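S.K.: Quick note, the sequences are listed as chains P and B, same order.
Under this note's numbering, the first residue of the first sequence carries the number 1, and numbering increases by one thereafter.
Under this note's numbering, the first residue of the second sequence carries the number 1, and numbering increases by one thereafter.
If you are wondering where the hints come from, they were derived from the structure by calculation, not from laboratory data.
Zero decoy hints are in this set.
Once the Cα atoms are required to be at most 30 Å apart in a straight line, the calculated DSSO-like pairs of lysine-lysine come out as:
id	chain 1	residue 1	chain 2	residue 2
1	P	Lys71	P	Lys11
2	B	Lys56	B	Lys26
3	B	Lys26	B	Lys70
4	P	Lys57	B	Lys70
5	P	Lys14	P	Lys57
6	P	Lys57	B	Lys26
Taking CB as the label site, the calculated pair distances span:
id	chain 1	residue 1	chain 2	residue 2	range
7	B	Trp95	P	Thr2	22 to 30 Å
8	P	Ala53	B	Asn18	43 to 51 Å
9	P	Gln41	B	Trp95	17 to 25 Å
10	P	Glu28	B	Asp7	34 to 42 Å
Fair warning: this is a prediction, and the values are worked out from it, not measured in the lab.
Cβ atoms here follow ideal geometry from the backbone N, Cα and C, with glycine treated the same way.
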Amino acid sequence: DTGVSQNPRHKITKRGQNVTFRCDPISEHNRLYWYRQTLGQGPEFLTYFQNEAQLEKSRLLSDRFSAERPKGSFSTLEIQRTEQGDSAMYLCASRDMNTEAFFGQGTRLTVV
Amino acid sequence: SQQGEEDPQALSIQEGENATMNCSYKTSINNLQWYRQNSGRGLVHLILIRSNEREKHSGRLRVTLDTSKKSSSLLITASRAADTASYFCATGGSWGKLQFGAGTQVVVTP
Chain P
1 DTGVSQNPRH KITKRGQNVT FRCDPISEHN RLYWYRQTLG QGPEFLTYFQ
51 NEAQLEKSRL LSDRFSAERP KGSFSTLEIQ RTEQGDSAMY LCASRDMNTE
101 AFFGQGTRLT VV
Chain B
1 SQQGEEDPQA LSIQEGENAT MNCSYKTSIN NLQWYRQNSG RGLVHLILIR
51 SNEREKHSGR LRVTLDTSKK SSSLLITASR AADTASYFCA TGGSWGKLQF
101 GAGTQVVVTP
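Excised from the complex, chain P in its bound form:
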């Protein structure tokens, strides 16, 4: 297992376009988290999955954001009608009950 994998690493998109990011967690981890990090700040929690169930969403996750984890393995985060304020690093993390969180390298989104 090579750890948490996120794709793409970088995404540049025009305002108004839709984007989708993918996260492949460590295979035996049933807990998966998405965070957003803007420049000079710490990561902020977006949403949490336990297996395929989305159990918590932050108020940061507006209606334009949707996340799925259809089979309890990989997860996708989609942003519709992107805005410049969506430019950030999107981080995925996974863990099981007895471990710390392992983070992926992140997807850096730039909305132009």
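Dock chain B against the given chain P, drawing on the hints supplied.
M.R.: Chain B only, in chain P's frame:
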């Protein structure tokens, strides 16, 4: 909203010196964790200290926790250029989600 606040925001030291950074938090915790982030990369877990612990060591890292003051400190001894990174404290919330501070940016010059 950020749970923790790190101090200082930035720290510049020379190789071999010690680096100390502090974290204050707002609510009661079960544990507090420290993470490192190299520029533009993901976060790496460094150490976890539980609320009933006062001090913990891991290699060149020493973490203290004072729950009465709602504060923690991270000490990196004998720093190396490879320690150049941002360091974040994080407290655990419901479902194991983490609430991070804004971080301390550490630069270690040879």
